[in-house]
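Using the sequences and the accompanying hints, generate a full structural model.
Going down the list, the sequences are from chains A and B. Counting in this note's numbering, the first sequence runs from 35 upward without gaps. Counting in this note's numbering, the second sequence runs from 20 upward without gaps.
Mixed in with the good hints, there may be bad ones.
[Stated by the list, open to error] FRET-style restraints, in silico, Cβ to Cβ:
hint: 1; chain 1: B; residue 1: Ala101; chain 2: A; residue 2: Ala35; range: 26 to 32 Å
hint: 2; chain 1: B; residue 1: Gly72; chain 2: A; residue 2: Ser105; range: 29 to 35 Å
hint: 3; chain 1: B; residue 1: Thr24; chain 2: A; residue 2: Ile94; range: 32 to 38 Å
hint: 4; chain 1: A; residue 1: Gln103; chain 2: B; residue 2: Pro27; range: 39 to 45 Å
hint: 5; chain 1: A; residue 1: Asp63; chain 2: B; residue 2: Pro58; range: 28 to 34 Å
hint: 6; chain 1: A; residue 1: Arg146; chain 2: B; residue 2: Asp92; range: 30 to 36 Å
hint: 7; chain 1: B; residue 1: Lys33; chain 2: A; residue 2: Gln103; range: 45 to 51 Å
hint: 8; chain 1: B; residue 1: Ser88; chain 2: A; residue 2: Ala41; range: 38 to 44 Å
hint: 9; chain 1: A; residue 1: Thr65; chain 2: B; residue 2: Thr24; range: 31 to 37 Å
I should point out that these hints are in silico values taken from the structure, not numbers from a laboratory. In this text, a Cβ means the ideal position worked out from N, Cα and C, and glycines have one as well.
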Amino acid sequence: AQKVTQAQTEISVVEKEDVTLDCVYETRDTTYYLFWYKQPPSGELVFLIRRNSFDEQNEISGRYSWNFQKSTSSFNFTITASQVVDSAVYFCALSDLLQTGANNLFFGTGTRLTVIP
Amino acid sequence: NAGVTQTPKFRILKIGQSMTLQCTQDMNHNYMYWYRQDPGMGLKLIYYSVGAGITDKGEVPNGYNVSRSTTEDFPLRLELAAPSQTSVYFCASSYADRGSGYTFGSGTRLTVV
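Here's what the structure looks like:
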């Protein structure tokens with residue numbers, strides 16, 4: 035069965051510290067996609083990154099970086115030099131192929147990050 | 020470029036009342052989805068649609084109905100509101116590609132009292 039585990043419910047860091055958000059997944063599929071979304075206090079969901087199961091290269095985008103390891107079924111997210119604007123709930127999600135071909139995103143329970151100035 | 024637009028943003032319903040949550044997208048996406056987010060939880064799929072006239076149940080469809088008469092619109096109907104339906108509802112759309120990320124609406128916060 036599809037499952038996404040974000041074991042860290044809440045994390046607090048002081049501004050400029052680095053922080054890593056963990057994501058562990060389970061899937062029966064050999065081809066799948068993993069996503070990270072940010073939900074700031076305003077409530078909307080903002081797409082951050084997509085990674086397919088055949089691409090294990092790490093990715094860096096500014097202060098954000100992602101570490102995908104199939105061997106441990108993990109897709110961790112690191113924020114370098116955190117800023118107050120990074121305070122949000124972060125969701126990891128796994129694609130789940132529905133019968134009609136549509137794509138359900140199976141979400142973890144989220145990690146609430148608070149960056150203290 | 021509006022993306023996905025949801026209305027209303029907030030609503031309070033009494034038990035047994037009905038309402039429709041509206042969702043419109045202007046990106047010509049074939050796939051549309053309704054999710055609910057309960058406090059401290061991730062999102063769960065209620066219903067989805069792969070095109071006009073085609074809808075199917077997700078993980079938590081009980082108490083809801085949908086229709087998709089056009090590519091742009093995907094309303095969610097609550098027929099007899101119950102306190103268990105108190106949640107934040109998100110509409111999303113995507114291309115017909117498994118790797119496509121979703122574009123989400125801003126959400127509707129619904130309270131049933």
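Cross-check of the supplied hints:
Checked against the hint of 26 to 32 Å, the C-beta distance between alanine 101 of chain B and alanine 35 of chain A comes to roughly 27 Å, which is consistent with it. Restraint check, glycine 72 of chain B to serine 105 of chain A: a C-beta distance of roughly 44 Å breaks the suggested window 29 to 35 Å. Between threonine 24 of chain B and isoleucine 94 of chain A the Cβ separation comes to about 33 Å, which falls inside the hinted range of 32 to 38 Å. A C-beta distance of roughly 43 Å is found between glutamine 103 of chain A and proline 27 of chain B, which places it inside the suggested range of 39 to 45 Å.
Look at aspartate 63 of chain A against proline 58 of chain B: about 30 Å separates their beta carbons, and that is inside 28 to 34 Å. In this structure the hint that arginine 146 of chain A and aspartate 92 of chain B lie 30 to 36 Å apart at CB holds, the actual value being about 33 Å. For lysine 33 of chain B and glutamine 103 of chain A, the hinted distance range of 45 to 51 Å is satisfied, since their beta carbons lie about 50 Å from each other. Between serine 88 of chain B and alanine 41 of chain A the CB atoms are about 43 Å apart, so this pair conforms to the stated range of 38 to 44 Å.
Distance hint check: the CB atoms of threonine 65 of chain A and threonine 24 of chain B are about 32 Å apart, consistent with the given range 31 to 37 Å.
The structure shown violates just one earlier hint, number 2.
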